[in-house]
Amino acid sequence: MEPVIFWILSAGAVVSALAVVFFKKAVNGVMSLLAFMLVMAALYVLMGAQVVAFFQVIVYVGAVLVLFAFVIMLLNLKDASSSIFALPPVATAALPAVLLTLGMAVLGWFVLQDAAFSRAPVVLPPAPGLRQIAGDLFTRHLLVFELASVILFVAAVGAIVISRKEGDRS
Amino acid sequence: MSLEHFVGLGIVLFTIGAAGFFIRNNAVVLLLCIEIMLNAVNLIFASFARYLYGTEGQIFIFIIMTIAAAEAVVGLGIIIALYRTHKTLDMSSKL
Chain A
1 MEPVIFWILS AGAVVSALAV VFFKKAVNGV MSLLAFMLVM AALYVLMGAQ
51 VVAFFQVIVY VGAVLVLFAF VIMLLNLKDA SSSIFALPPV ATAALPAVLL
101 TLGMAVLGWF VLQDAAFSRA PVVLPPAPGL RQIAGDLFTR HLLVFELASV
151 ILFVAAVGAI VISRKEGDRS
Chain B
171 MSLEHFVGLG IVLFTIGAAG FFIRNNAVVL LLCIEIMLNA VNLIFASFAR
221 YLYGTEGQIF IFIIMTIAAA EAVVGLGIII ALYRTHKTLD MSSKL
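Sequences listed follow chains A and B, in order. Here this note's numbering is used: the first residue of the first sequence is 1, the next is one more, and so on. Here this note's numbering is used: the first residue of the second sequence is 171, the next is one more, and so on.
Once the Cα atoms are required to be at most 25 Å apart in a straight line, the calculated DMTMM-like pairs of lysine to aspartate or glutamate come out as:
hint : chain 1 : residue 1 : chain 2 : residue 2
1    : B       : K257      : B       : E241
2    : A       : K24       : B       : E241
3    : A       : K25       : B       : E241
4    : A       : K24       : B       : D260
5    : A       : K165      : B       : E241
6    : A       : K165      : B       : D260
7    : A       : K25       : B       : D260
Stretch by stretch, here's where chain B covers chain A in the computed footprint (C-beta under 8 Å, at least three residues):
hint : segment
8    : 4-16
9    : 24-32
10   : 58-71
11   : 86-99
12   : 126-132
13   : 153-159
Calculated from the structure, these hints are not laboratory results. Note that beta-carbon positions come from the ideal geometry of N, C-alpha and C, so glycine has one too.
Looking at chain A on its own, in the form it has when it is part of the complex (with noise of 0.2 Å):
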């Protein structure tokens, strides 16, 4: 059952992928950036990591997307060029191929390092808990986390004084 499921949240994941790369309209692609994160949360939900999930979709599809829609919203923009890429045809074509290949040699050299290693363990243990991530997160990796806030609390303030308006002393 479970290669079934994977197949299938895989075939969704890179579906959507494609369709943000492909859809003309920044809100179509919103939308399939939705979709794809919805996957992904339940990828990880097949991985045995419900708390990730549990974050993906708080955090991406509460937080960011609604962010993203919101500015294309306000933005409304109405400027639709003609050609939706920025290179031409040719280099348009080729240089996802070369990417891919490139990926797939990587992959490729990473399962042929160590072939021992790659092969799954005919039983995997439990995954880690809610307790034994919070447990880690907040005695080895504590001053990882501090440093988190502090990168939100930047943001925040660097969000507002680049997006406000030139000589706006308010």
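Please build the complex by placing chain B on the supplied structure of chain A, with the hints as guidance.
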């Protein structure tokens, strides 16, 4: 399912995101492609956390999500400022 299935899927998704970043000319779609790449890396981290018996992978995912949220906020701020000054989001036009 084995480790390289998930890593392969992550590589394919990262490639789609990277290619989209290079070939599209709408600034908002460029940010969406960055999100796809970050999610692909998250998937690879989660699969390593699953198959190499650790919690570190999931903790890294939380940190990456934080960075992604901060990046989206700053990027959208830049897009608003860009649209206000240049009246276009077309990255291939002469600004």
